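Protein chains: 2
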Amino acid sequence: MPASPTLADVQAAARRLDGVAVRTPLLENARLNERLGGRLFVKAECLQRTGSFKIRGAYNFLASMSEADRAKGAVGWSSGNHAQGLAEAARLLGMKATIVMPADAPALKVANTRASGAEVVLYDRVKDSREEIGLGIARETGATVVPPYDHPWILTGQGTAGLELVEQAQALRVTLDAVAAPCSGGGLATGIAIAVKGLSPSTAVHAGEPAGFDDLARSLAAGARQKNERLSGSICDALLAPTPGDVTFPIARQLLGPGLVVSDEEVLDAMETAFREFKLVVEPGGAVALAAALTGRLPVEGRTVAVVCSGGNVDHATFRTALERRPA
Amino acid sequence: MPASPTLADVQAAARRLDGVAVRTPLLENARLNERLGGRLFVKAECLQRTGSFKIRGAYNFLASMSEADRAKGAVGWSSGNHAQGLAEAARLLGMKATIVMPADAPALKVANTRASGAEVVLYDRVKDSREEIGLGIARETGATVVPPYDHPWILTGQGTAGLELVEQAQALRVTLDAVAAPCSGGGLATGIAIAVKGLSPSTAVHAGEPAGFDDLARSLAAGARQKNERLSGSICDALLAPTPGDVTFPIARQLLGPGLVVSDEEVLDAMETAFREFKLVVEPGGAVALAAALTGRLPVEGRTVAVVCSGGNVDHATFRTALERRPA
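Top to bottom, those sequences are chains A and B. The numbering of the first sequence is the numbering used here, which starts it at 35 and goes up by one. The numbering of the second sequence is the numbering used here, which starts it at 35 and goes up by one.
Because the hints were derived from the structure by calculation, they are not lab data. Misleading hints may appear alongside valid ones.
What the hints assert, rightly or not - Restraint-style ranges between C-beta atoms, simulated for each label pair: (1) B:Asn-67 x A:Leu-206: 26 to 36 Å; (2) A:Pro-284 x B:Ala-64: 29 to 39 Å; (3) A:Gly-336 x B:Ala-141: 28 to 38 Å.
Because the structure is a prediction, the values reported are computed rather than measured. Even for Gly, the Cβ is constructed at its ideal location relative to N, Cα and C.
Please work from the sequences and hints to get the whole structure.
Laid out in C-alpha cells, this is it:
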C-alpha cells in the first residue's frame, strides 16, 4: 500500500468487500427535487451492515493484515460506529476484537458492539485518553490497533462507498456536479474523494461537519491542521474527532472543496426530511451532508448533487426529537 | 394480456419499469438472524418511488394503455399508497389523474398525492362508495379507471418486486424457503407469487393481514371469498380492502400458502424493529409480513425467509407510537 492511496487501492478494497458490504441504494425524491430546483441523490449508507459505512474500512483493514497478525486480534477506539463495524468485521473473519468506547456513546451502539462478540472497554471522553487505553491493550495482547480513520487501508475501504455512488450515478446516466459526505477524522470523505475524483474529475467533493466541530473546514481554509475547542457537546456523536488526521488531511487539501458546516437544529431538520421523504432512519452525524444540501450551503439548484447519509444508529429519544421538528 | 397472468407477463412489466421503479435492496441483519435462528431478508419497498410498491402496478397499467386512452386521463380510488403511485406514474407519463381518497387517509398521503399534480376527491370510508364516485368521474371525463389491485396489469406490475427479490436472493446464492408480503386486495401478494413460483417453485408464498381484516386468510381456509366485518379500525390503513379480488383470489388459491394474521400491537413492534435493526421507516400496513416473521407465525428458525416491507408512508404521530414500544 503506497503512502498516498489511489483509485486502484479503492478498487482493490471493493473486491475484498464484495459479498460483505451491502451495495447501498442511491435514492432520489421527485418532490424534494422540485422544491430544491435540482437533483439531489442520497447514498443510503445507513442501510449498510451494522448501520453505518464503517464496516467497509474496518473489514478492508483486517482482510489486508497478515494471517499471523489476525490470530492476535484487533483493538480499536470509537464513539460507536467504527466500534460496531470493527466488531462485526472481526466476527466475520473469526477474529477477537476489543473496543474502547466513550461512556456517553449511545446505548444502542454499545449494546450492538457487544452483540457482535467484541469486548467493550468504556472510558470518559473528557478525562481519559482512548488512544492510551487502546495502545495499552495492544501492548499487552499483541493485538493490532485498527484506527478509526487515519490509515490508508481504512480510508480506501470507506472510499468503496464513493466508487458505488459514481457507478450508480453513471448507470442512471447522471453526471454529478458535487458529492458531499459527513466528516469526523476524514476517512470517509477522503476515501470517497479518491474514488470520485478518480472516476469523475469534474465532480467537486465536500465534507460536512457540525458547528463547533468544524476542524476540517477551518483547516482547509487555513491550509494547516486546526483543532476543535470542545471534545463533546453536539448531537452528532459520530463526528467529534478533534482534528484532521495525519494521513487524511493532505488528501483532503488536495481533493476536497470548502467544508460545509451545519447546526444541530439543521441536522434534526434533515433527519426529519430523511424520515418523511426517503423513509430512512439517519443518525445526527449521518445527516450533516444532507443538512448542507437542504439548507443551500451545498447548492442543489440547477445542479445534480449526491450526499452520503453515513449512518442510522440513533437512539429512540433523539429520533423522537427529530420527528417533533415538523409534526404532521 | 391473458386472463391468468404468467411469469412472462411479470418479466414484461419489469422491462416497462426499468429506470422508473427503484431496484429496492434486499437487506438482512446478523444480530436479528441470530435471535431468530435462521435468515430473514427484508425487501425494502418502503424505499420505492412514492414510498411504496404501488407505482410498479400503476405505471405498468398506464404504460400498457393505448395512447388514445392515455390522452383522456386516469381515475383511481385508494387509501393512499395506490393514490400516490398512480398520481406519480401519471405525472411521469404526462397524463391527467384524478384520485378518490378516504377522508381519514393519513394527511401525508393526501398531500403527497396532490404534490404529484393529481386532483384529489375525498370521500367518507363508511358512508360513501369510492367505486361509485370513481366510476362517475370516468363516465363524465372518459378517463380510464385504474383499479388498486384487481387487474392483471396491476398485479404483474407489483410482481416485479418479487422478480427482483428472487434475483437478489440468487445473487447471494440463497434459496428461499418462504416469501411473505402484506395483503389488502391481493395485488402485491399474487403478483409476487407468480414471480416467485415461476422462478423458484419450491418457495412457499404467504400473505400477511391485520387481525379483523383477514379476509384472504379466511377465504383461503374456506375455499371461497369471505368479507371483513369492519371497513375501518386497524392502524394498517393500507390493508382495509373488504374482500379478495375477482382476479386475485383464484391466483391466491393456486399459489399462496396459509394466510398470516397479526395484531396492531405486533405491527407496532415490527415497525420498531425495522427502525432499530434495518434503519427503515415502515408504515403499519407495510410491516405485517415482518411482524409475522418476528412473532413466529411465519417460522424463520432453521430456514431462509424473505418478507416484503411494502411501504413507509406513515404519519409522525404513528411512528412516535411505534418508537415508544421499546424505548432505548
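Structure-based check of all given hints:
1. The beta-carbon spacing between Asn-67 of chain B and Leu-206 of chain A, approximately 32 Å, falls within the hinted interval of 26 to 36 Å.
2. Judged by the Cβ atoms, the range 29 to 39 Å given for Pro-284 of chain A and Ala-64 of chain B holds: they are separated by roughly 36 Å.
3. The supplied range of 28 to 38 Å is met by Gly-336 of chain A and Ala-141 of chain B, whose beta-carbon atoms lie about 31 Å from each other.
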